[in-house]
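Mapping of the sequence shown onto the working numbering: position 122 corresponds to residue 122, and the numbering continues sequentially without gaps.
None of these hints come from the bench; they were simulated from the model.
Backbone N, C-alpha and C define an ideal beta-carbon position, used for all residues, glycine too.
Any given hint might turn out to be false.
To be verified - Only pairs whose alpha carbons sit at most 25 Å apart, straight line, appear in this in silico DSS-like list of lysine-lysine:
1. Lys-50 - Lys-11
2. Lys-28 - Lys-50
3. Lys-90 - Lys-155
4. Lys-2 - Lys-28
5. Lys-50 - Lys-163
As the list claims (entries may be wrong) - What follows is a list of derived Cβ distance ranges for each label pair:
6. Pro-136 - Asp-62: 21 to 27 Å
7. Glu-156 - Asn-20: 34 to 40 Å
8. Asn-81 - Pro-44: 20 to 26 Å
9. Glu-30 - Gln-168: 30 to 36 Å
10. Asn-165 - Glu-14: 33 to 39 Å
11. Ala-167 - Asn-87: 35 to 41 Å
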Amino acid sequence: MKGTIFVELIKMAEDAFGENTVDNILDKAELENGGAFTSVGNYPCSELVKIVIAFSDHSGIDPDTLQRMFGHWMLSHFVENYPQFFNDKKDAFSLLESIEGEIHVEVRKLYPEAELPTFVTERNAPNQMMMEYESPRPLAAFCHGMIEAALEHFKEEGSITSKINPAQPNITNFEITLQS
Numbered sequence: 001m002k003g004t005i006f007v008e009l010i011k012m013a014e015d016a017f018g019e020n021t022v023d024n025i026l027d028k029a030e031l032e033n034g035g036a037f038t039s040v041g042n043y044p045c046s047e048l049v050k051i052v053i054a055f056s057d058h059s060g061i062d063p064d065t066l067q068r069m070f071g072h073w074m075l076s077h078f079v080e081n082y083p084q085f086f087n088d089k090k091d092a093f094s095l096l097e098s099i100e101g102e103i104h105v106e107v108r109k110l111y112p113e114a115e116l117p118t119f120v121t122e123r124n125a126p127n128q129m130m131m132e133y134e135s136p137r138p139l140a141a142f143c144h145g146m147i148e149a150a151l152e153h154f155k156e157e158g159s160i161t162s163k164i165n166p167a168q169p170n171i172t173n174f175e176i177t178l179q180s
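Start from the sequences, fold in the hints, and give me the full structure.
Structure, rendered in structure tokens:
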């Protein structure tokens, strides 16, 4: 995974717990690199999971809830640092539909080695979208948080349900329904 994800997770934790506490948590997490991450580096997802679990153990917040919180944090980071992906979108569905065909295309140009998840979207009705998230990484809750943050960014309200397919555990199906 790209190091920027790790750097931003640590920034979020420092914002919540303070720098000294985060340093102590990272020291105890037994990370391969001792917790030193750069935004341009590549690191195994297993290290991200260790960090989330360490923050969960410290805070008492469920790891999935922390991932969802981090999804919100990252969407804000993307809005601030990559406004070109948001400026021409009128709603959250437009943004979600652009991940695979626009955003990931640009990411692959910058980082050809990036291993990105796959997103397939389908609108079932004007106010309902199905989104299939496929990734070998256990980050469906992070994705859920980013969807929530997208709705908030566009000042939309709705419900999000997710379901992992037992026959295909790398796939999570999200149903997003906007309130009228």
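Hint by hint, here is what the structure shows:
| no. | hint | in the structure |
| --- | --- | --- |
| 1 | Lys-50 - Lys-11 | holds, 16 Å |
| 2 | Lys-28 - Lys-50 | holds, 10 Å |
| 3 | Lys-90 - Lys-155 | holds, 11 Å |
| 4 | Lys-2 - Lys-28 | holds, 23 Å |
| 5 | Lys-50 - Lys-163 | holds, 24 Å |
| 6 | Pro-136 - Asp-62: 21 to 27 Å | holds, 22 Å |
| 7 | Glu-156 - Asn-20: 34 to 40 Å | holds, 38 Å |
| 8 | Asn-81 - Pro-44: 20 to 26 Å | holds, 24 Å |
| 9 | Glu-30 - Gln-168: 30 to 36 Å | holds, 31 Å |
| 10 | Asn-165 - Glu-14: 33 to 39 Å | holds, 36 Å |
| 11 | Ala-167 - Asn-87: 35 to 41 Å | holds, 40 Å |
In terms of the numbered hints stated before, the structure departs from none.
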